[in-house]
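Q: Use the sequences and the hints to build the structure in full.
Going line by line, the protein sequences match chains E and Z. So for the first sequence, my numbering puts the first residue at 1; every next one is plus one. So for the second sequence, my numbering puts the first residue at 1; every next one is plus one.
One or more hints might be untrue.
[As the list claims (entries may be wrong)] Result set (SDA-like, lysine to any residue): computed pairs, CA atoms no more than 20 Å apart in a straight line: (1) K80(E) with K82(Z); (2) K48(E) with K82(Z); (3) K80(E) with Y68(E); (4) K48(E) with F14(Z); (5) K82(Z) with R201(Z); (6) K48(E) with L77(Z); (7) K82(Z) with T54(E); (8) K80(E) with V16(Z); (9) K82(Z) with D50(E); (10) K90(Z) with E71(Z); (11) K82(Z) with L57(E); (12) K58(Z) with E71(Z); (13) K82(Z) with I51(E).
[To be verified] Here chain E is said to cover these stretches of chain Z; the calculated rule only asks that three of the stretch's residues, wherever they fall, bring their Cβ under 8 Å from a Cβ of chain E: (14) 174–184; (15) 187–198; (16) 223–231.
None of these hints come from the bench; they were simulated from the model. The C-beta atom is built at its ideal place from N, Cα and C for all residues, glycine as well.
As a plain string of letters, each chain reads:
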Amino acid sequence: MEFNTNFVFGCSAIGAGLALIAGIGPGVGQGIAAGHAAAAVGRNPGAKSDIMSTMLLGQAVAETTGLYGLLVAMLLMFVKPFVK
Amino acid sequence: MGYGIVLSADNVDFMVHGIFQYSFFGHQVWITTTQVCLLIVVLGLTIFALVVNHKMKKATEVPKGLQNVVEMLIDFLDGMIKGTMGKHAKVFRNYIGTIAIFILVSNISGLIGLRPPTADYGVTFPMGVTTFLIVHFLEFKHHKPLELWAAKCSPLPPWLPVWLPVTLIGDFAVPISLSLRLFANVLSGTVMMSLIYGLLRYLAVGWPAALHVYFDIFSGAIQTYVFCMLTMTYITDAYGDET
Chain E
1 MEFNTNFVFG CSAIGAGLAL IAGIGPGVGQ GIAAGHAAAA VGRNPGAKSD IMSTMLLGQA
61 VAETTGLYGL LVAMLLMFVK PFVK
Chain Z
1 MGYGIVLSAD NVDFMVHGIF QYSFFGHQVW ITTTQVCLLI VVLGLTIFAL VVNHKMKKAT
61 EVPKGLQNVV EMLIDFLDGM IKGTMGKHAK VFRNYIGTIA IFILVSNISG LIGLRPPTAD
121 YGVTFPMGVT TFLIVHFLEF KHHKPLELWA AKCSPLPPWL PVWLPVTLIG DFAVPISLSL
181 RLFANVLSGT VMMSLIYGLL RYLAVGWPAA LHVYFDIFSG AIQTYVFCML TMTYITDAYG
241 DET
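A: Right, dumping it as structure tokens:
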């Protein structure tokens with residue numbers, strides 16, 4: 001079947017938008033991590049630097065799935081694998 | 001091309017460009033902007049290292065000037081490496097310190113108008129692969145093959161390697177996720193900045209500096225820290241407990 005390239009690119013753009021739904025998960029997860037880190041600092045202010053580094057590391061790992069979504073969106077928008 | 005606003009703005013540009021092409025044993029190979037920016041970063045770091053080496057030859061008991069800065073930097077890096085790797089820190093402080101400084105300078109090189117070299121998957125993937133090779137070299141060096149086999153089948157007993165493929169996939173996912181994380185973070189910063197400069201051409205005066213602080217400096221520093229931290233964690237894990 002033949003499709004108009006504009007139609008295919010429009011569908012790719014919709015797909016890119018849908019791919020960024022992946023950003024919800026890391027957002028919630030990082031928020032939870034930051035909230036618990038804040039609570040931990042409140043309970044034990046002496047361990048602030050340790051808590052900070054652990055939190056940053058965990059958040060960066062949790063962020064990965066969101067970044068995969070971002071990469072897929074960028075591929076769809078700028079590399080245009082489906083548009084001939 | 002009439003494909004909407006992003007692509008109709010001709011001055012939005014964050015892709016890697018080829019500068020010139022040459023023939024390498026019959027293959028057509030490109031020298032790209034990534035390689036040029038990489039060269040600038042590496043030359044800058046080399047010159048910095050030579051200057052610092054020259055200065056530190058006549059280091060004083062009470063540091064002043066450049067010596068102060070360098071001692072602070074090395075102190076910070078050593079503290080970070082020592083805190084994570086414990087007694088293995090001495091072997092790896094050169095490697096970790098090198099990649100930390102390289103990634104940091106690469107990430108913030110967007111500030112001087114370069115396209116950050118780490119926003120190219122061809123730069124970050126070799127670094128992930130290096131981590132992978134170090135980790136597995138150490139695993140094979142410090143564990144007996146049977147131990148390793150048992151560890152790879154770990155939740156189930158060693159004679160029932162049902163879990164082995166999952167562990168192997170997990171092992172091979174490490175370099176990919178490590179490099180993609182760095183790449184995607186830096187790339188997203190680069191894309192955001194080029195969209196702002198490209199689409200708001202005459203309005204983007206002065207205030208994008210605040211965004212540079214976030215996307216280049218803050219995000220770049222965090223990603224440097226995370227890459228080094230994860231590399232160190234994997235390497236320390238590879239030693240096992242008994243050494």
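Q: Next step is simple, just say for each hint if it's right about the structure.
A: Status of the hints after comparison with the structure:
At roughly 46 Å between alpha-carbon atoms, K80(E) and K82(Z) are farther apart than 20 Å, so this suggested pair is violated. As the CA atoms of K48(E) and K82(Z) are separated by approximately 18 Å, the hinted pair is consistent with the 20 Å bound. With a C-alpha separation of about 17 Å, the suggested pair K80(E) and Y68(E) falls inside the 20 Å cut-off, and the hint holds. Note on K48(E) and F14(Z): the hinted pairing is violated, with a Cα-Cα distance of about 38 Å set against a maximum of 20 Å.
Restraint check for K82(Z) and R201(Z): the C-alpha separation of about 47 Å exceeds 20 Å, so the hint is violated. With a C-alpha separation of about 19 Å, the suggested pair K48(E) and L77(Z) falls inside the 20 Å cut-off, and the hint holds. Under the criterion of a C-alpha separation no larger than 20 Å, the hint pairing K82(Z) with T54(E) is consistent with the structure, at around 16 Å. This hinted pair checks out: K80(E) and V16(Z) have alpha carbons roughly 15 Å apart, not beyond 20 Å.
Between K82(Z) and D50(E) the alpha-carbon distance is near 14 Å, which keeps this suggested pair within the 20 Å criterion. For the hint linking K90(Z) to E71(Z), the alpha-carbon distance of about 17 Å falls within 20 Å, and the restraint holds. With a CA separation close to 17 Å, the supplied pair K82(Z) and L57(E) stays within the 20 Å bound. The suggested pairing of K58(Z) with E71(Z) holds, with an alpha-carbon distance near 14 Å, which does not exceed 20 Å.
A distance of roughly 17 Å separates the Cα atoms of K82(Z) and I51(E); the hinted pair therefore holds under the 20 Å criterion. Coverage of the stretch 174–184 of chain Z by chain E holds. Counting CB-CB distances below 8 Å, 4 residues qualify, and the rule asks for three or more. A count of 3 residues in the stretch 187–198 of chain Z with a Cβ less than 8 Å from any Cβ of chain E is obtained; the coverage claim is therefore met, three being the minimum. For the stretch 223–231 of chain Z, the stated coverage by chain E holds: 5 residues have a C-beta nearer than 8 Å to a C-beta of that chain, and at least 3 were required.
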